[in-house]
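Protein chains: 2
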Amino acid sequence: MKILEDRILKDGTILPGNVLKVDNFLNHEVDPQLMDQMGAEFARKFADAGVTKVLTVESSGIAPAVMAALHLGVPMIFARKHKSLTLTDHLYTAKVYSYTKQVNNDISIDRRFLSADDNVLIIDDFLANGQAVQGLLDIAETAQIKVAGVGVVIEKRFQKGHQLVQDAGIPLVALASIAKFENGTVTFAQD
Amino acid sequence: MKILEDRILKDGTILPGNVLKVDNFLNHEVDPQLMDQMGAEFARKFADAGVTKVLTVESSGIAPAVMAALHLGVPMIFARKHKSLTLTDHLYTAKVYSYTKQVNNDISIDRRFLSADDNVLIIDDFLANGQAVQGLLDIAETAQIKVAGVGVVIEKRFQKGHQLVQDAGIPLVALASIAKFENGTVTFAQD
Numbered sequence: 001m002k003i004l005e006d007r008i009l010k011d012g013t014i015l016p017g018n019v020l021k022v023d024n025f026l027n028h029e030v031d032p033q034l035m036d037q038m039g040a041e042f043a044r045k046f047a048d049a050g051v052t053k054v055l056t057v058e059s060s061g062i063a064p065a066v067m068a069a070l071h072l073g074v075p076m077i078f079a080r081k082h083k084s085l086t087l088t089d090h091l092y093t094a095k096v097y098s099y100t101k102q103v104n105n106d107i108s109i110d111r112r113f114l115s116a117d118d119n120v121l122i123i124d125d126f127l128a129n130g131q132a133v134q135g136l137l138d139i140a141e142t143a144q145i146k147v148a149g150v151g152v153v154i155e156k157r158f159q160k161g162h163q164l165v166q167d168a169g170i171p172l173v174a175l176a177s178i179a180k181f182e183n184g185t186v187t188f189a190q191d
Numbered sequence: 001m002k003i004l005e006d007r008i009l010k011d012g013t014i015l016p017g018n019v020l021k022v023d024n025f026l027n028h029e030v031d032p033q034l035m036d037q038m039g040a041e042f043a044r045k046f047a048d049a050g051v052t053k054v055l056t057v058e059s060s061g062i063a064p065a066v067m068a069a070l071h072l073g074v075p076m077i078f079a080r081k082h083k084s085l086t087l088t089d090h091l092y093t094a095k096v097y098s099y100t101k102q103v104n105n106d107i108s109i110d111r112r113f114l115s116a117d118d119n120v121l122i123i124d125d126f127l128a129n130g131q132a133v134q135g136l137l138d139i140a141e142t143a144q145i146k147v148a149g150v151g152v153v154i155e156k157r158f159q160k161g162h163q164l165v166q167d168a169g170i171p172l173v174a175l176a177s178i179a180k181f182e183n184g185t186v187t188f189a190q191d
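Those protein sequence lines, which keep their order, are chains Y and D. Start counting the first sequence at 1; every next residue gets the next number (the working numbering). Start counting the second sequence at 1; every next residue gets the next number (the working numbering).
Hints in this document: simulated from the structure, not taken from any laboratory. Cβ atoms here follow ideal geometry from the backbone N, Cα and C, with glycine treated the same way. Among the hints, erroneous ones may be present.
What the hints assert, rightly or not - In silico DSS-like cross-links for lysine-lysine, where the CA-CA straight-line distance does not exceed 25 Å:
1. LYS95(D) / LYS101(Y)
2. LYS180(Y) / LYS160(Y)
3. LYS95(D) / LYS83(Y)
4. LYS83(D) / LYS83(Y)
5. LYS180(Y) / LYS10(Y)
What the hints assert, rightly or not - Reference listing, derived: stretches of chain D covered by chain Y, where coverage requires no fewer than 3 residues with Cβ under 8 Å from a Cβ of chain Y:
6. 33–41
7. 57–68
8. 87–97
With these hints in hand, go ahead and build the complete structure from the sequences.
What follows is the structure, encoded as structure tokens:
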């Protein structure tokens with residue numbers, strides 16, 4: 001998505017360890033017009049996929065996910081993060097390791113909100129090692145629901161999340177796909 | 001806002017301790033169409049207030065805040081919650097006590113995103129004791145910026161958050177204002 005790539009080149013900062021900082025339009029200060037345009041693009045890409053719900057994980061996924069859900073005309077559910085969970089009978093849960101923060105979190109979705117005929121689109125801001133997406137895929141598997149696809153704002157193609165989704169045979173849409181960082185600049189994948 | 005009041009009556013559940021559970025359309029599963037309509041309503045109410053940015057706190061505030069910001073045509077910033085903060089030189093921070101979870105959190109906003117000429121609209125899902133709003137007001141005071149108003153999806157008029165915002169002389173818009181809970185039903189304030 002050209003406007004997103006341009007925005008990354010203009011406003012993104014590359015930090016040590018291949019970390020792309022985009023907290024000035026995506027995950028701290030948020031550009032709502034861009035979120036809206038991205039939501040429309042996700043909806044266009046998954047228009048024929050029979051999506052019944054959009055799933056994401058708090059917090060950075062919420063803005064793009066709610067816009068995608070708005071344009072698809074379906075509800076959005078954000079999984080909650082917890083340090084650890086005790087009373088979990090009413091919840092679908094999964095473990096998620098954050099490489100950035102180096103902590104394990106449980107994520108959860110109330111069982112009331114997923115039913116056997118659901119076909120979900122998973123949305124997140126970043127796909128790097130794919131831990132958050134894997135957690136949502138684990139929940140989808142436990143809930144025995146279909147996954148229509150995974151949509152991410154930015155993927156780092158060279159980290160293992162991309163391959164993880166491909167290996168699961170799930171359609172993947174990244175609005176910007178980073179092939180590599182080199183000499184302090186971003187190179188986008190060309191396909 | 002009639003459609004919101006109707007939705008609360010239809011889908012809300014009252015739990016012990018005057019807790020209104022609306023996790024089926026507001027803060028776990030989210031109805032994006034309703035968020036969009038509420039965002040438009042906040043924008044209408046604060047159309048002449050000269051709002052430059054919308055502020056909220058992760059996570060439940062993000063969906064209504066990003067929609068309000070979209071309709072106002074300004075950026076949205078969500079404050080981050082932390083257990084406790086160490087390196088804080090680049091951040092505006094405030095302490096927030098959660099009555100629901102009975103924990104203290106720090107909230108923070110990067111200093112880069114607030115400047116002296118800002119005039120912010122604070123948006124949140126609930127106004128009960130007003131701790132989250134107070135935290136954002138504290139940050140606004142530290143950053144020496146103006147506060148155009150506070151907009152909340154649901155206020156519990158009988159708890160102290162309402163008075164807190166009134167006493168600060170800040171315009172307050174609640175899209176649904178709960179006067180009381182009685183015999184398992186909600187009574188809305190009539191003004």
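Structure-based check of all given hints:
no., hint, result
1, LYS95(D) / LYS101(Y), "holds (21 Å)"
2, LYS180(Y) / LYS160(Y), "holds (13 Å)"
3, LYS95(D) / LYS83(Y), "holds (20 Å)"
4, LYS83(D) / LYS83(Y), "holds (11 Å)"
5, LYS180(Y) / LYS10(Y), "holds (17 Å)"
6, 33–41, "holds (count 3)"
7, 57–68, "holds (count 6)"
8, 87–97, "violated (count 0)"
Comparing the model with each numbered hint stated earlier shows that hint 8 is the single one that does not hold.
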